[in-house]
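J.: These protein sequences, in sequence, are chains D and F.
When we follow our numbering, the leftmost residue of the first sequence carries the number 1, and every step to the right adds one.
When we follow our numbering, the leftmost residue of the second sequence carries the number 1001, and every step to the right adds one.
Keep in mind the hints are simulated off the structure, nothing from the lab.
Where is the CB? At the ideal position from N, CA and C, for every residue including glycine.
A couple of the hints might just be wrong.
Claimed, not checked - Quick list of the computed label-pair ranges, beta carbon to beta carbon:
hint : chain 1 : residue 1 : chain 2 : residue 2 : range
1    : F       : D1144     : D       : L113      : 37 to 47 Å
2    : F       : R1063     : D       : E96       : 16 to 26 Å
3    : D       : D135      : F       : R1085     : 29 to 39 Å
Claimed, not checked - Here are a few chain D residues that sit away from chain F, every Cβ distance over 12 Å (derived from the structure):
hint : residue
4    : R26
5    : E84
6    : L88
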Amino acid sequence: MNPHDDLGSALRALPLAQAPDDLWPRLAAALPPARRRKPLRAAWPAAIAAALLLALVWPRSPLSPPSPSVAETQVAPAPAPADELPALRDRSQDLERWLGVLARQSPQDARSLMAAAEIADLVGLVDAQLSVARDDQEAVPLWRQRVGLLEDLAAIRSLPVTALANQDAAIPDSIPL
Amino acid sequence: MNRPATIRPLRASSFDVNSQFPVDIPETVIARARRGEIAAFEQIYRSFEHPAWTLALRLSGNREDAREIVHDAMLRLFERIRQFRGDAPFWGWVRQIVLNEALMRLRRERGRSFEEIADDSEILIEPCTAWQWTEARELDAALDALPALTRCVIWLYHVEGHTHQEIADLTGRSVSFSKSQLARGTARLRQRLDPVQRKSAAMPKHEVNA
C-alpha cells in the first residue's frame, strides 16, 4: 500500500471549504465602477509619441553620465548592485515627485489616461515583486523596471504640458506681422 | 538561493489533476468580462469562489489570510483578464493567480521563508490505514497543525497535482526539498491520525515496551 496515494485520496475527498461570508460585495466595491477601457494597443501609439517627445524635453537624468569615449566604454566595469540601488531609488523618488506635479497641472485625454492606468498597474506589480525580493541582486532589475515604467508614465502625463508649451512657442500663421 | 514567488507560465502537467478548480467558463462570459462587464466578473467569481477559498485556506491555514488572498487574487484576475490568451484552460489561469497570491502572501506575512519541518526530524514511511477511517474534520485539523510550507507542498502535490519540480519552482526551493517535505509531512500526519501511534505516543515508555 502506498501511503502517499492513500493520503492523496483522503485529501482529495475532503469537501470544498466555504467562506464564512460572501466575499463578493467587498470585491465588487473594489472594482472600477465601469470598465470601458479600450484594448491597450489603442493606447500605445500615444505612449510612444509621448516617450519620444519626453526624450527631447526631459532634463538630463542624474543617472545618465556624460557620453563616454570609445575607450572609456570598453574598460568601464558594470556597477555592482549595491552601488546602483541608491541611484535607482533616488531616480524613482524624483520621478514620483515630478508625476505628482504633473498630475496637478495636466488635463489628459481618454487615450493617455488608459495608457497611464495600464502602466500604473504594472508599477504595482513590480512593487509586489519588490516586496519579496531577497537581496540587492534581485532588487536591482526590478528597480530598473520600476524607473523605466515611471519614465513611461511621466512621458504620457507630460504630453499635454509639452503640447501646450509648443503651442505657446509657435506663432500661428494667421497672425499678421 | 530562494527565489520569490512570481506569476509563472502554466505547464501542461498542471492540468491532468484532481484539482477542484476545473470549471468551464463560456467564452462569451470571458469576452464580456474583458469588456469590463461587472455581471460577467461576478459569474466568474461565483464559479471559482469555493475552489479559490479552499486553496487559499489550505495554503494559508487561517480564514483572515484566505479572505485577503481570494480578494487580491480576484482583483488581479479582473485587472489582467485581457492578458488571458486562451491557449490554456481558463480555470488553470485562475488557479495559478490564486496560488501565486497565496505564496506571495505567505512569504510576506511569515518572513522570507515560511516554516517547514526540519530536515533532521525523524521520518518513517510505513503502510498506514489512518487515512481510510479518518474523519474529514480530523484530517482538516491535522493538516492545519502542519507548518505552512509543509502543508503547501502536501496540498499542491496531492490535490492540485503539481510535480516536485513545479513545487520547487513555485516555492523557490529544490526538488529534493519538496520530496523531503512531502515525506516528513505525511509521516507527521500519520503520527497524528493513526490510533496505534497516537496511543504509543500517549503511553509512558515502559508500557509501550512491555
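J.: All hints are to be evaluated individually against the structure, with a verdict given for each.
T.: Hints versus structure:
no.	hint	verdict
1	F:D1144 x D:L113: 37 to 47 Å	holds, 46 Å
2	F:R1063 x D:E96: 16 to 26 Å	violated, 36 Å
3	D:D135 x F:R1085: 29 to 39 Å	holds, 33 Å
4	R26	violated, 6 Å
5	E84	holds, 19 Å
6	L88	holds, 18 Å
Comparing the model with each earlier hint shows violations of hints 2, 4; every other hint is respected.
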